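Add 10 to a position in the sequence shown, counting from 1, and you land on the number used in the working numbering.
A portion of the hints provided could be inaccurate.
What the hints assert, rightly or not - Restraint-style ranges between C-beta atoms, simulated for each label pair:
#1 I52 x K278: 18 to 28 Å
#2 L236 x R29: 23 to 33 Å
#3 V247 x K278: 18 to 28 Å
Unchecked claim - Capping the alpha-carbon separation at 25 Å, the derived lysine-lysine pairs in DSS-like fashion look like this:
#4 K278 x K264
#5 K251 x K278
#6 K95 x K264
#7 K70 x K264
#8 K201 x K278
FYI, nobody ran anything at the bench for these hints, they're computed from the structure.
Quantities reported herein were computed from a predicted structural model and do not represent experimental measurements.
Beta carbons are placed, not taken as given, at the ideal position from N, Cα and C, and that holds for glycine.
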Amino acid sequence: MSVFSRLRNGIPPSRDDCRSPYERLSQRMLDISGDRGVLKDIIREGAGDPVTPDASVLVKYSGYLEHMDKPFDSNYFRKAPRLMKLGEDITLWGMELGLLSMRRGELARFLFKPTYAYGTLGCPPLIPPNATVLFEIELIDFLDSAESDKFCALSAALRLLHRRLAICEEQHLVEPAELLVLLNLSFVYLKLDRPAMALRYGEQALLIDQRNAKALFRCGQACLLLTEYEQARDFLVRAQKEQPCNHDINNELKKLSSHYRNYVDREKEMCHRMFAPCGGGSSVGGN
11 MSVFSRLRNG
21 IPPSRDDCRS
31 PYERLSQRML
41 DISGDRGVLK
51 DIIREGAGDP
61 VTPDASVLVK
71 YSGYLEHMDK
81 PFDSNYFRKA
91 PRLMKLGEDI
101 TLWGMELGLL
111 SMRRGELARF
121 LFKPTYAYGT
131 LGCPPLIPPN
141 ATVLFEIELI
151 DFLDSAESDK
161 FCALSAALRL
171 LHRRLAICEE
181 QHLVEPAELL
191 VLLNLSFVYL
201 KLDRPAMALR
211 YGEQALLIDQ
221 RNAKALFRCG
231 QACLLLTEYE
241 QARDFLVRAQ
251 KEQPCNHDIN
261 NELKKLSSHY
271 RNYVDREKEM
281 CHRMFAPCGG
291 GSSVGGN
């Protein structure tokens, strides 16, 4: 069911109520801008601290015009939404204010008045002038300003190193710097709960140094999050061989062992349910 349909069905107007669905919805929303220009309704609570100013956010969103069932803008269909920095990549003032009120994992609905959205001119041909718009936003994760700046710098550094490597004959001078950037990017993607990307950068680091304990450890962590237990064990055992006394590596192996035992127990329980005899009735051919 579309957003407009949900609003229409969830907020039935009285016989003498001539207000629009957005006007009726706004009556039960929280004013977070102080002038009712940005209104908020939490659909699912988040956890932890709210988004910090100048952070970079990982969000899924859909924007709707009133009386329209399909969104005029959405990134829900993208395989992996990109990290966006507040103050730079997000153009709607209302969305910035809304995100600053959100916590990790939160799903919320916002109404943005024209001043906080597309203004008096709109955005032809999709957005008419003076349009109030509704956005549903899910905050997957965010990096604070320091982490965000580090991530952006790392990404830029990696691109620069690749260009330098393409024209530099002394590859051994560039590779140590590239290795450090790849390891840091793998760590950042683990923090963003994107283990596939963390594994990708960790494996790129191993192409430079196949015995690098930190790269092996990052790949093991990523595989554990991806529930690729055998591959995780391979990476972590190789990391342990390089650094037998590393506390973090040994703890990750213990975590892997616990996760794998739970996985095996669940598989056994599932098989037991599948092949257990049905009911307690008499056997076939009994009296």
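Evaluation of the provided hints:
no.	hint	in the structure
1	I52 x K278: 18 to 28 Å	violated (40 Å)
2	L236 x R29: 23 to 33 Å	violated (49 Å)
3	V247 x K278: 18 to 28 Å	holds (25 Å)
4	K278 x K264	holds (21 Å)
5	K251 x K278	violated (32 Å)
6	K95 x K264	violated (37 Å)
7	K70 x K264	violated (34 Å)
8	K201 x K278	violated (32 Å)
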